[in-house]
Each structure stands twice: as structure tokens, then as C-alpha cells.
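Take the given structure of chain A and dock chain B to it, following the hints.
Number of protein chains: 2
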Amino acid sequence: MSKLKLLPLGGMSSVTQNMYLYQYEKEILLVDCGIGFPDMYMPGVDTLIPDISYLQEQVQNGAKIVAMLLSHGHDDHIGALPYLLPDLPNFPIYASPLTAGFAQDRLSDKKIDREIQVVPDKKMIKLSQFFSFELIAMTHSVPDTKHIVINTPVGKIYHGSDFKLDKAPIDGILSDMAEVKRMADQGILLALVDSLRVDRNVWTKSESSVGPALEKEMANVKGKILVTLMSSHIHRIQQVVNACAKLGRKVAFVGRSVEQNVASASLLNKLHFPDGIQADKNHLAEIADNKLCIIVAGSQGQEGSSLVRAVYGEHPIIQITPQDKVIFSANIIPGNEINYYAAIDELSANNVEVVYPEINRDIHSSGHASSVEQRELVDTLSAKYLMPIGGADRHRAIFRKIVANAAGYDNQHVLLPKSGEVLGIDNNGIKVIDKVLLNAKAVDGLGIGDVGPIVLSDRLSLSKAGIIVLVIPKIAGTFDLAKMKVVSRGFVFMKEADEVIAFIKEKTAEIIEVEAQTITDDDLKKKIERKLAKKLYKVIKREPMIVPVIVEL
Amino acid sequence: MSKLKLLPLGGMSSVTQNMYLYQYEKEILLVDCGIGFPDMYMPGVDTLIPDISYLQEQVQNGAKIVAMLLSHGHDDHIGALPYLLPDLPNFPIYASPLTAGFAQDRLSDKKIDREIQVVPDKKMIKLSQFFSFELIAMTHSVPDTKHIVINTPVGKIYHGSDFKLDKAPIDGILSDMAEVKRMADQGILLALVDSLRVDRNVWTKSESSVGPALEKEMANVKGKILVTLMSSHIHRIQQVVNACAKLGRKVAFVGRSVEQNVASASLLNKLHFPDGIQADKNHLAEIADNKLCIIVAGSQGQEGSSLVRAVYGEHPIIQITPQDKVIFSANIIPGNEINYYAAIDELSANNVEVVYPEINRDIHSSGHASSVEQRELVDTLSAKYLMPIGGADRHRAIFRKIVANAAGYDNQHVLLPKSGEVLGIDNNGIKVIDKVLLNAKAVDGLGIGDVGPIVLSDRLSLSKAGIIVLVIPKIAGTFDLAKMKVVSRGFVFMKEADEVIAFIKEKTAEIIEVEAQTITDDDLKKKIERKLAKKLYKVIKREPMIVPVIVEL
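Residue numbers (the numbering used here), protein chains in the order written: chain A, 40 to 592; chain B, 40 to 592.
If you are wondering where the hints come from, they were derived from the structure by calculation, not from laboratory data.
Don't take each hint at face value.
One copy or any two copies: either way a pair holds, since identical chains are not told apart in the list.
[As the list claims (entries may be wrong)] Within a straight-line C-alpha distance of at most 16 Å, the following computed EDC-like cross-link-like pairs (lysine to aspartate or glutamate) qualify:
#: 1; residue 1: K503; residue 2: E342
#: 2; residue 1: K503; residue 2: D473
#: 3; residue 1: K470; residue 2: E254
#: 4; residue 1: K161; residue 2: D560
#: 5; residue 1: K149; residue 2: D78
#: 6; residue 1: K161; residue 2: D215
#: 7; residue 1: K503; residue 2: D489
#: 8; residue 1: K457; residue 2: E385
#: 9; residue 1: K524; residue 2: E591
#: 10; residue 1: K44; residue 2: E64
#: 11; residue 1: K440; residue 2: E392
#: 12; residue 1: K580; residue 2: D85
Next up, chain A with everything else stripped away, as it sits in the complex:
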């Protein structure tokens, strides 16, 4: 019997960039297609997308993609669609209504025409000879989130990406544990389980607990209220709208992502507005400040977001005054601390009241299961094997210990593959059968993949000590050292650096005089680079990038 192959294309150690490949013989099933977020070590990079070269190789060798399934509408699960679909053959894509709506938005943004098929829950859908699947309702920080049961020739796989077990969800749609149980009763070979929030051991607060806390913060505000939140968090938005209705405020939406998501969710009846509550963002001046609430994008303090422009007085529509109150109804995503706190500090310095979860924990609730809920799901599933996903390495390691081991799984039955490891699954067990090199591609401006490791490491070097360009004329085979030019950026303030420039010119001239006779120009350039770097470091303890350019005339 053949093995089922499983490879996370986004790598195993990253929380984002979710994309999973399941393969049985010549059939491939994909789950999710998400982007990753570059950190400070990837300056200038907008987005990371999973490496699909292994997938493309399989396709070239005759494999067929039978379908792609989308678990929910967050960008780290659907955002890579417009970048990757153009490089792949056609195949059907399935999702729940809101997930399909959000995915369709991502595609239209990049003018890609592709239909996503909406499928109901609890209905086993046959895809091909080997694969069928069904969706199971789960609660999370975006409505219409699903777990996926995949029937394969080797057994049932439970693909349990992002979830929580909210006991009082805003739309009343509970995580369908009865259906999980029904599937479990049929026997599950392997369960993939969201491990992100395994470091918390208390049942995650219900989303419905956040509404009353927000309403309390929104009461008795003299001026406008600004609420910033994750723009896909439709249930959070619904609760702010409901609070506005009670408090007699109109609500406006500002910021591309918020506006787009609100429009799509409304269209699909996932967001409900009392009559007349919506304000046109282009006519805010007509509404008294104490009758207005603005839901605004930028909850991470992102540069250029609507919130941040408003905070620094640069927004064409929103002017914040000391009468106003700003509510951050979102936690920091690690890496955004500097910008997030800078926005809060700027507001504080201008005497604007700001509330954020560190001040009032009740105004935010996570969308992820704590270890207690993870354990509940694991117990219900009774899968033979477990594989924590959706977390960093530290979360997967803790999951193994405090969820899996505690539930009776020994380490052999908990899979922690490293990035690029292909698991081979059959009734005899699961083991690593192949190793693939995964290099996430960087999207930078309009370029995809042309900013690689060398360019990024150059950018980091440039940022640390700048660049010195030495333009050295060579006329009829002889270097004209008197005409040498030194240009620098990001090194030292050049107007005050005559001494350093003189030093650089002198040392370069010395090197050329000693070496030029005996070596090629290319070797000479390398020699200048190396020697000058050493000499500069000695006198100034910095390592600017040194680029000699020989102009031959």
C-alpha cells in the first residue's frame, strides 16, 4: 500500500505562511494558501509566500492537484492565493461562505479571476479517487472558520488549524464537537492541532465577554470614539456596532482592509447594522463628535495605516482631539511593539485617553484555544497520532509535553517534523521519508522572488553602517588616483568627515600602488574591499559596505 505524504509548504516553525500538501500517489490535496510576515531582518520585504517548488515538481512529474481547501479567512491562510495560483494549473478551491468571500477579495485586489466554491458543513465531499473531505464548524477570531476532516486511503486526517472552543460565540455557531465526536468514532489516524496558545492554561474567554467591556469603555466619552482592531474580526466589529446602537452613536469605517471586510461580511449577512447607524466616512464633519464612533484600521500601529496617520495628525478625514478616546481592541503581534507603543505614547502625550489590553484586559480576547481547549479537542478526537501546528517551535514542544504527553501519547506518537521534512503516513506508522529545501519567497513591491538571501543580507549590512563607493578612473591602462571620488551614504555625516575621506583615499591609493601591477582589476577590487574594511574597522569600529568601481576610459 502506498503512503500518504504530508508536507507543510510554509515550513513548520513559522506561525504564518500556512499551506499544507497532502499527496497520495498521483493525487495532491492542498489546504490553505497563506502569506507570512517579514521581520526586522528582512527590511523592505512586504510579504512572504510559501515555496511551491516541490509542488510544481510533483505536478511536472504527472501529479494532479485535485483541490485546495481553505480553513478560514485570515491572510496567513488565504493571502498567498493571488501570488501562487498564477503559477499552478487549474483546480477547484473550496471554502465556507465568508472564507470564500475574503479569498475572492484577495484575488480581485490583484485582478485574478478565479471562482471559489462554497461548501456546507458536515457533508463529505468526494474530490477524487483517493480524497474526500468535510468541514466542521469551529469558533475563532473570524466567522465561518472550519476544521477539515480528510478521508484518505490510509485513514482519516483531522486538519485542525486555528480555533478556540468559544462557549458563547457572537453568531451562535458553536464549535461542532458532536460532529468531531462522530468523526472520531469512525477512527482518526492523525490529528493536526493548533498549538499557538499552549502557554495559557485557562479556557480562553468567550468573544461575547468583550462586548460589555467595550461598551463600558465607550460610555461617557465627551468626544469621538476610535476603535482599532484586526480588520477581519467581524464579531468584534459587530459588538462595537451594537454598543454604538445602545449609546446612540453612529459608526463609520476607515481604512481599506476594514472597509473591504465589512462590505464583504455585510453582503454575506455575517454583519448586521441597525437602521441608520452607519455614517458615511466622507461626511463625518456633519456628525457631532459625541455621536460618532470610528472603527479604524491599524491596530498594530502600522506605518501608513489610517489610525497612525490620524494619531500623527496626517489623516484627511480623522482629527483626534483631547476630548476623544482611542480603544485598541487587539493584542500586539510580536515584532510590532515599537510602532504599537509609539502610537499609544503619542496619543498620551497629546492628552488623549487611550485604552489597550494591558490597561484593561477585558477589551480583547484571543481567537486561539488555550492548552485546556486543545486537550479537550485531543481527547474528543482520540486520534492515533498528533501533530501540533500553527505555533512556533516552542509552542509545539510545550504542546507535546503538556497536552499530548498528559493525554497519554508517548513522544513516538507526537509528530514534530522540521521544516521541509516530508512525512510518510500509513497504517504501520508515520515517519520522515524525504527532505525538501524550503525557501519562502519574498514579495517586494512588484517583484516576487528577486529579493533573495544575498540582497537581504546586503540590506542589513547597509542599514548597520552604510556604504562607501570608491570611483577609480583608469585611463589608457593607468589609474588616475588624483581623480578618485569617494561617495558614501549612511556612513557618517560627510560634511564633518573630511578626515575619514582623506584616510579612505590615501589607503585606497596605497593598496592600488602596491597591487595594481600584479593582479587583475577584479582581484584588485576585492583586495581594496577587504583591506580597507580592516583598516576602517581599526580606526572607527564600523563595517560599512565598500564598493570600488573602476571606470576604464
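Chain B only, in chain A's frame:
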């Protein structure tokens, strides 16, 4: 009657870079002399130091620095000494024993010979005609921390920098609230109070609660134990040493900052070792892993620190195995998240057990007072005016609301000066009487202050999209466009960028052909920069720095 002037030289909005100037007529008293920590928007910068130009101006105009007082031994209070003392006239410096010891270490590091005078607590010391001071014992995350009462002609100032009210400190030296009360009974005009941890409303855990939790984590470990912590946290180190004694482990210290601080603290009898417990770091191989604990620098996951080198298998002395356990007994300082978690993830991926405060809150306790303790101090002081310090703008704003207002102070009696505002203080009140421009100086390699705003903004631009240098030869007044050279770094991978280079050359040639006749070379360079940037952005949505260099022959 003259006013007492007060100016925080490190700026009011930064948590670090603490340095305060008090001036009465021609006498100046300084408190603390700390460095600041650059964030990701200051790439390449090692350290920030306060701007003392106002101070130097006063000195030039005849003012005399009567003394500098140091509150405690953290680098954001003493680390700028070696950078600033050489630029100032001589004056006495006073501190408690350990603070003096640590300060002396900073000075010897940079080979600066200057004595620091050790003074006892609760003794009013006359400095000059107008100023006298006394130290009051306080608990914090470094021993020998003091608050300072400054007697001035306008009244008593209570300089209450970093503190907590630990009810069971490791060295038994409680915050001396009786002395605070005695001073308060004499009447305090203005109290400066540490506001950093105002967002917590529960009394900060005693440091002594951390020891048992650490001991529990250290029990039953099969291999070595590595503990990483703030290297100045002598009481934390003492507790790890004590736990080692109980568990029969030897303890070694690795990492320059840890080793230096341990040596100084031992010398001053602030750290006590049971006989024979210390291991020589150069003979670790002689000790069985299960009998060894290493206290290692690098608790923020800093690049190049001993811990991080060990984590990535690059340390000459420490090899970490899956039998070992690593304990992070420190919280993240905002901005270090990426490196901190990367170290933890790398250990987890290698099956090494890691514990950090998010997993076990009991293994760390803050050194700062919560709002409850701040309130306790404020109530005891009964000062006429309050001024929150040591926090960001958000903390100062919250302090005003939940500590000061709650204690009965109206906003007129709570001072929140902006950075550079000089307060004028007398019995009639306190108001802003001058405004100074403060520009923290960057220390970069061996340079102090030569990396200014322009260089930093260039570095940021370079990091985002790299640089394109256009070398354009001009021979006898005519541009030789065929010989033009394009060199780039950090832009795109040039081997795959023939098209882009051709585009750049073509567009540059076009601009030169149209413009060169009518404008100067300098204007031409500017035009090329601007026009080419625009054209490039259109086709590739990136903004590399463009540097045209005209080589005239």
C-alpha cells in the same frame, strides 16, 4: 527669590537615558547619567547618550556643577558616565557602595580615571551654598538602590527613581519608609516618582518569591542547567547560587557583563558563595553535567551574547544537549522579541527544555512598583507636586489618572513636561520657563555624535530598497553615456536583473540628453535622482536610493 530649574536631559518620553539637571542660580546638581537603547529605527547605533549641550552652555556662562548623584547601578542610570564625563569639568560624584562599584567598572572599561564617593543612607550631606542631599534605601532589581532627597532653597525635592516596595528583600534591606515619612514631615515640595509599571494594580511580587520557583525548576534536571538573567540582578544571582547549594550543583558564570558584575558585587560583600560552590568557567568539562549550573549573559537573546552563541552551537565553552534545561529568568524588554523568541525556538527545536516567564510566571519578578506601591509612596510623601518619571508617555498619563488624581491631586499639581521643557520651581508654583532642543547623541563604534538624523534616515532607506550608483564619465565636457556604469547593493539580485539595469541606463541617458545642456552638473544629478526614482517606482514599486556620480576627466 530665584527659581529652581529642573530639566531631564535624557528627555521626558524615554524610559532610559536618565539624567536630571537641577539648577539654582549658578549652582547645578546632576542626578544619574544613563544611556538609552536604540530601537530598530536606529540601525547600527550601539548606544544613545543624553544631550548635555544645555548643561555645557550653562557651565560656559559661569554655572558650576556642584555634584552628580547616582541613584542605582543600572546602565540607563550610570552607563553614560564614560561618554559624558570627559566633556565636563571636574565635580564630585556620590553613590551607594554597589552603585559606585558598578559605575567604577563602566569608567575602567573606557580607561577613565575618576573616583566615586560612597555615602551612607539617611545622612544629609551639604554640597554647596544651595544644595544638600541624603540617600534613602529602596528595593529594586539591583541592590543598594536609593531614592534621593534634595534640599534646595525653594524646598525639598524627592527624587524617586526606579523602585519597588519589596516586603521581603533578599538582603533584608527594606525600602526605608520611616525615613521617607520623616522627610515628608519636614514638607516636600515636589516628588518625582517611578511610573513605569503603573499598568499593574497588584503589589509587585517579592524577589524572595522567585528563589523557590527557580529551585523547583532546577530540581531533577538530568543535564546541565543554564540560567540567564539581567546581569546586574545580584539578588536573582544569589538565589540561583543558593538553589545550587541545595541541589548539589556547582555554579559558573559566563559572559562579560555577568562576570564583571559578580566580581564587583562579591568584592563588596553583596553576593555570598558557600565554600567551593564556584566553578572555573575554563574547566567546565571536569564537572558532571548534572552537577553544574551556568549563569550566562544574554537574557534578551542579544546577538553575540554568550547564551545565543551557546544556543546556536557556537560557544567555545558551553555545549547544550537535550539533557540540559535553560531557564530564562527575565522578561522581554520591548524591541527584543524577535531575538528572544528565536533563541527559545531554536532550543525547543533541538529538544532542549526551556522555561521562560510566559510558561512559569513565578521565575521572574519585576523590579518596579505597581500602581499600588506608587500610591503608597505618594501618600507617605504628601508632596505638594508630583511628577511621574521613568516611564513612557502612556505610563505618565496613566499615573496622573490612577495614582495622582486618585490620591487627590488635580492636574495642575501633576507635572508632565514634554521633552526639553525646563521647569521653574518656587513657592508660588511650578511652570515651564524655557524650552531646550534635546538631541540624544548616538554612539556608533568609536564615533560619538557623527551618526545623526540624516545618516540614520539614509540607513533606513538603504535597508528598505538598497542603493543604485550611476557612474557617469564626462570627458572634456561631454558625457560618455556608453561608458556609464550601474552598481547596486541590496536592490535586486543583479545577475537576474539585466532588464532593470538596461532600463536604468536608458532612462538616465534620456534625462542627460534632454537636460545636460541647460543645467549644472549638480542640478543634473538631482534631476536624475528624482526622475529615475519616479520611473523605477512605476515599474517595480520600490524606492532604492539613487546616487549619480559624475567623473570628470
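Within a copy, between copies, both or neither: where do K161 and D560 come within 16 Å Cα-Cα? neither (70 Å within a copy, 72 Å between copies)
One pair to classify: K440 and E392, alpha carbons no more than 16 Å apart. Within, between, both, or neither? Intra 43 Å, inter 10 Å, cutoff 16 Å: inter-copy only.
Using 16 Å as the alpha-carbon threshold, which applies to K503 and D489: within, between, both, or neither? For K503 and D489, the Cα distance is within 16 Å only across copies (14 Å; inside one copy 22 Å).
Status of E64 relative to K44 across identical chains (alpha carbons, at most 16 Å): Answer is within; shortest intra-copy Cα gap is 9 Å, inter-copy 80 Å.
Within a copy, between copies, both or neither: which one fits K503 and E342 at a CA-CA cutoff of 16 Å? Answer is between: at 14 Å across copies they meet the 16 Å cutoff, but 21 Å inside does not.
At most 16 Å between CA atoms: does that hold for K149 and D78 within a copy, between copies, both, or neither? neither (24 Å within a copy, 34 Å between copies)
When no copy is named, should K161 and D215 be tagged within, between, both, or neither for a Cα gap of at most 16 Å? Answer is within; shortest intra-copy Cα gap is 9 Å, inter-copy 67 Å.
When no copy is named, should K503 and D473 be tagged within, between, both, or neither for a Cα gap of at most 16 Å? Neither: 39 Å inside a copy, 36 Å across copies.
Up to 16 Å CA-CA - E254 versus K470, copy category: neither (52 Å within a copy, 38 Å between copies)
Is it within a copy, between copies, both, or neither that the alpha carbon of K457 lies no farther than 16 Å from that of E385? Intra 42 Å, inter 11 Å, cutoff 16 Å: inter-copy only.
Within a copy, between copies, both or neither: which one fits K580 and D85 at a CA-CA cutoff of 16 Å? Only across copies: K580 and D85 sit 11 Å apart there, 32 Å inside one copy, limit 16 Å.
Given identical chains, is K524 near E591, meaning Cα to Cα at most 16 Å, within a copy, between copies, both, or neither? both (14 Å within a copy, 10 Å between copies)
Against the hints set out earlier in the document, violations occur for numbers 2, 3, 4, 5.
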